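*Asks:* This is what each chain is made of:
Protein chains: 4
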Amino acid sequence: MKEKILKAALKLYSSKPPQNVTTKEIARAAGVSVGLIFHYFHSKNELERELVSHFMEKHSLQTERLDEFVRENLRFAKENPGIFRFLQYVFEKEKYADSDLAIKVYEDGLKKLKTMLGGDERKATLLMAMIDGLAMYAFLLDLDVEEFSDSILETLGFGGENR
Amino acid sequence: MKEKILKAALKLYSSKPPQNVTTKEIARAAGVSVGLIFHYFHSKNELERELVSHFMEKHSLQTERLDEFVRENLRFAKENPGIFRFLQYVFEKEKYADSDLAIKVYEDGLKKLKTMLGGDERKATLLMAMIDGLAMYAFLLDLDVEEFSDSILETLGFGGENR
Amino acid sequence: MKEKILKAALKLYSSKPPQNVTTKEIARAAGVSVGLIFHYFHSKNELERELVSHFMEKHSLQTERLDEFVRENLRFAKENPGIFRFLQYVFEKEKYADSDLAIKVYEDGLKKLKTMLGGDERKATLLMAMIDGLAMYAFLLDLDVEEFSDSILETLGFGGENR
Amino acid sequence: MKEKILKAALKLYSSKPPQNVTTKEIARAAGVSVGLIFHYFHSKNELERELVSHFMEKHSLQTERLDEFVRENLRFAKENPGIFRFLQYVFEKEKYADSDLAIKVYEDGLKKLKTMLGGDERKATLLMAMIDGLAMYAFLLDLDVEEFSDSILETLGFGGENR
DNA sequence: TATGAATGAGCATTCATTCAT
DNA sequence: TATGAATGAATGCTCATTCAT
Numbered sequence: 001m002k003e004k005i006l007k008a009a010l011k012l013y014s015s016k017p018p019q020n021v022t023t024k025e026i027a028r029a030a031g032v033s034v035g036l037i038f039h040y041f042h043s044k045n046e047l048e049r050e051l052v053s054h055f056m057e058k059h060s061l062q063t064e065r066l067d068e069f070v071r072e073n074l075r076f077a078k079e080n081p082g083i084f085r086f087l088q089y090v091f092e093k094e095k096y097a098d099s100d101l102a103i104k105v106y107e108d109g110l111k112k113l114k115t116m117l118g119g120d121e122r123k124a125t126l127l128m129a130m131i132d133g134l135a136m137y138a139f140l141l142d143l144d145v146e147e148f149s150d151s152i153l154e155t156l157g158f159g160g161e162n163r
Numbered sequence: 001m002k003e004k005i006l007k008a009a010l011k012l013y014s015s016k017p018p019q020n021v022t023t024k025e026i027a028r029a030a031g032v033s034v035g036l037i038f039h040y041f042h043s044k045n046e047l048e049r050e051l052v053s054h055f056m057e058k059h060s061l062q063t064e065r066l067d068e069f070v071r072e073n074l075r076f077a078k079e080n081p082g083i084f085r086f087l088q089y090v091f092e093k094e095k096y097a098d099s100d101l102a103i104k105v106y107e108d109g110l111k112k113l114k115t116m117l118g119g120d121e122r123k124a125t126l127l128m129a130m131i132d133g134l135a136m137y138a139f140l141l142d143l144d145v146e147e148f149s150d151s152i153l154e155t156l157g158f159g160g161e162n163r
Numbered sequence: 001m002k003e004k005i006l007k008a009a010l011k012l013y014s015s016k017p018p019q020n021v022t023t024k025e026i027a028r029a030a031g032v033s034v035g036l037i038f039h040y041f042h043s044k045n046e047l048e049r050e051l052v053s054h055f056m057e058k059h060s061l062q063t064e065r066l067d068e069f070v071r072e073n074l075r076f077a078k079e080n081p082g083i084f085r086f087l088q089y090v091f092e093k094e095k096y097a098d099s100d101l102a103i104k105v106y107e108d109g110l111k112k113l114k115t116m117l118g119g120d121e122r123k124a125t126l127l128m129a130m131i132d133g134l135a136m137y138a139f140l141l142d143l144d145v146e147e148f149s150d151s152i153l154e155t156l157g158f159g160g161e162n163r
Numbered sequence: 001m002k003e004k005i006l007k008a009a010l011k012l013y014s015s016k017p018p019q020n021v022t023t024k025e026i027a028r029a030a031g032v033s034v035g036l037i038f039h040y041f042h043s044k045n046e047l048e049r050e051l052v053s054h055f056m057e058k059h060s061l062q063t064e065r066l067d068e069f070v071r072e073n074l075r076f077a078k079e080n081p082g083i084f085r086f087l088q089y090v091f092e093k094e095k096y097a098d099s100d101l102a103i104k105v106y107e108d109g110l111k112k113l114k115t116m117l118g119g120d121e122r123k124a125t126l127l128m129a130m131i132d133g134l135a136m137y138a139f140l141l142d143l144d145v146e147e148f149s150d151s152i153l154e155t156l157g158f159g160g161e162n163r
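Residue numbers (my numbering), protein chains in the order written: chain L, 1 to 163; chain W, 1 to 163; chain H, 1 to 163; chain D, 1 to 163.
FYI, nobody ran anything at the bench for these hints, they're computed from the structure. In this text, all values refer to a predicted model and were calculated from it rather than measured experimentally. Treat the hints with care, as some may be off.
[As the list claims (entries may be wrong)] Label-pair ranges, simulated between beta-carbon atoms:
| no. | chain 1 | residue 1 | chain 2 | residue 2 | range |
| --- | --- | --- | --- | --- | --- |
| 1 | H | Lys2 | W | Glu3 | 30 to 40 Å |
| 2 | W | Val34 | L | Asn45 | 26 to 36 Å |
| 3 | H | His39 | W | Lys111 | 42 to 52 Å |
| 4 | L | Asn45 | H | His39 | 42 to 52 Å |
| 5 | W | Arg75 | H | Asn45 | 41 to 51 Å |
| 6 | L | Gly157 | W | Asn45 | 22 to 32 Å |
| 7 | H | Lys24 | L | Glu121 | 50 to 60 Å |
| 8 | L | Asn45 | D | Ser15 | 20 to 30 Å |
| 9 | L | Ser43 | H | Thr22 | 19 to 29 Å |
| 10 | L | Ser43 | D | Ala97 | 54 to 64 Å |
[Unchecked claim] Coverage of chain H stretches by chain D, computed from C-beta distances (three or more under 8 Å per stretch; other residues unrestricted):
| no. | stretch |
| --- | --- |
| 11 | 22–35 |
| 12 | 95–106 |
| 13 | 149–156 |
[As the list claims (entries may be wrong)] In silico DSBU-like links for lysine-lysine, alpha-carbon gap of 35 Å or less:
| no. | chain 1 | residue 1 | chain 2 | residue 2 |
| --- | --- | --- | --- | --- |
| 14 | L | Lys93 | H | Lys93 |
| 15 | L | Lys44 | L | Lys58 |
| 16 | D | Lys2 | H | Lys78 |
| 17 | H | Lys44 | W | Lys11 |
| 18 | H | Lys78 | L | Lys24 |
| 19 | H | Lys93 | L | Lys24 |
| 20 | H | Lys11 | D | Lys2 |
| 21 | L | Lys111 | W | Lys16 |
We put the beta carbon where it would ideally sit given N, CA and C, even for glycine.
Using the sequences provided together with the hints, build the complete structure.
*Replies:* Encoded structure:
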């Protein structure tokens, strides 16, 4: 049941402006009562936070190959532009609540990328920014960002050998 | 008077989650009544849209030099992370209202960058994504993004001559 | 309009368990919208507090004669048992909110009574307790407390001369 | 088990505004499930009513001496101001439910006091009112009401011989 | 007996918008 | 132009009560 709520919530949060998603709506979409949502999650904020963790666990990419990392991320951004927006929404709320959730997620990603890029942290940051920027474009502009994988790898100097 | 309202509004929208800014608040900050806001702008949405245009006009960067463009944008993102967030907020609302405001702004920026980059549209898109991604980091992570100017230019192959 | 709300609210708060009075109800009784209540009073608590002050101002008894004081208070308790209960309700809430409203009201009354009783503070406290206790009985038991005026005065030793 | 629930409930009802005590809370405090509470007591109201009877049985004061009666009651009011508030809360609810619980309790007490006071019902009522009024002060004002025992007895004309 | 998931009506509060002045 | 009183639908959240297990 909890699972069902999380699933319905993620779908909703991905399909419309996150701030417009109401608890009533989530309840209806999950086929449960409003009360049950507050039985499992003690507040809407908590539901949203659990949604992020839940999502992170399920979709964390396990690869050591740079090209795969880039390609897979862009593919995901293309297929699920709303989820990216939802994550940003939660990160922002957490920021105003003095949590460092966003920073942790960022640092985790950065560490992984840094090793893939031979230790160059600056380059790693730029790559993440590029991917996140494109993910934003996928969402706001309906840009087909998957096409940019090769260009990114070339720009970073991994055009030939790593493909 | 209208000017005064817009100015107060921009300040507010930049300093807190945009969805939490209320008309009453804007009125108080501008030193006018709520009614007057609706006299000039017919709805809150319109005020927000005018705010974007108003801002774009005032802050559009007039330069043909790539390095200046990058540096100036990152400097601005560093100084005003909230404004970037506000623009995104309006773009998103417009998107759901079937307006292509975001696309227009994107294409304007892209055209300019494309000529600076010798016609390479892909590269231009990646550069914009990088800048926007970093602007997001400046906002969400309080990252000092100004430092990345040189790295960006180098990565794009403009490290020496254009400095 | 504000006056109208306060009047309607006092009537409601006096006629049913105060904790069961809802803002919607007050609005309906006053013939205004819910929003207007929150326009004037920023919260239900504030409305309740203002109601107490408003009431205190209107009904503060100006007399130096002990017998009049006792008689008038018991008469009022008889006619308006619900108001006494409402005051207690607000005092309790304030107590839990770390305000000393109840203590202030108590001390004000005590000072007045003390002078009437020739400076005997203990006796003054007992008299107040008697009146408040009877007011509670008027409310909970529908006891006709007005009848006790003479007995009180006698008990305190003011049976003859002060009548 | 039932005993355990009643005990936990009384503690809760005495330590915070009675209307803020929830069944969930009682369950947690008693170490049982919510369901079990509704198994033993068919509603929250019934639990509250049983709590009153239960309390009355355990704490009914068996004495024929007036001074002891006064002293013991004030001592109890001092030590357990919240319980007095809880009783009032139940009495009020019962009143609105057209029960005469409060009246019965009052008449029981009155009868006892009347005989102690040589048959003077008026004086008995005043004494009860004084004690209940002071109990209210103990609760609302954190007044040390135990100190008033002697003054009460003196005021009633039992200052010397009955001590 | 005993559990706690599940319900849904009800609550205080917010806020864009209108309109008489 | 300019005001701010007035509206009311919508929101997150609470809680006594039920019921399948």
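*Asks:* All hints are to be evaluated individually against the structure, with a verdict given for each.
*Replies:* Hints and how they fare:
no., hint, in the structure
1, Lys2(H) <-> Glu3(W): 30 to 40 Å, "35 Å, holds"
2, Val34(W) <-> Asn45(L): 26 to 36 Å, "29 Å, holds"
3, His39(H) <-> Lys111(W): 42 to 52 Å, "50 Å, holds"
4, Asn45(L) <-> His39(H): 42 to 52 Å, "28 Å, violated"
5, Arg75(W) <-> Asn45(H): 41 to 51 Å, "48 Å, holds"
6, Gly157(L) <-> Asn45(W): 22 to 32 Å, "45 Å, violated"
7, Lys24(H) <-> Glu121(L): 50 to 60 Å, "58 Å, holds"
8, Asn45(L) <-> Ser15(D): 20 to 30 Å, "29 Å, holds"
9, Ser43(L) <-> Thr22(H): 19 to 29 Å, "23 Å, holds"
10, Ser43(L) <-> Ala97(D): 54 to 64 Å, "35 Å, violated"
11, 22–35, "violated (count 0)"
12, 95–106, "holds (count 5)"
13, 149–156, "holds (count 4)"
14, Lys93(L) <-> Lys93(H), "32 Å, holds"
15, Lys44(L) <-> Lys58(L), "21 Å, holds"
16, Lys2(D) <-> Lys78(H), "41 Å, violated"
17, Lys44(H) <-> Lys11(W), "32 Å, holds"
18, Lys78(H) <-> Lys24(L), "48 Å, violated"
19, Lys93(H) <-> Lys24(L), "31 Å, holds"
20, Lys11(H) <-> Lys2(D), "41 Å, violated"
21, Lys111(L) <-> Lys16(W), "30 Å, holds"
Hint compliance for this structure: hints 4, 6, 10, 11, 16, 18, 20 are broken, all remaining hints hold.
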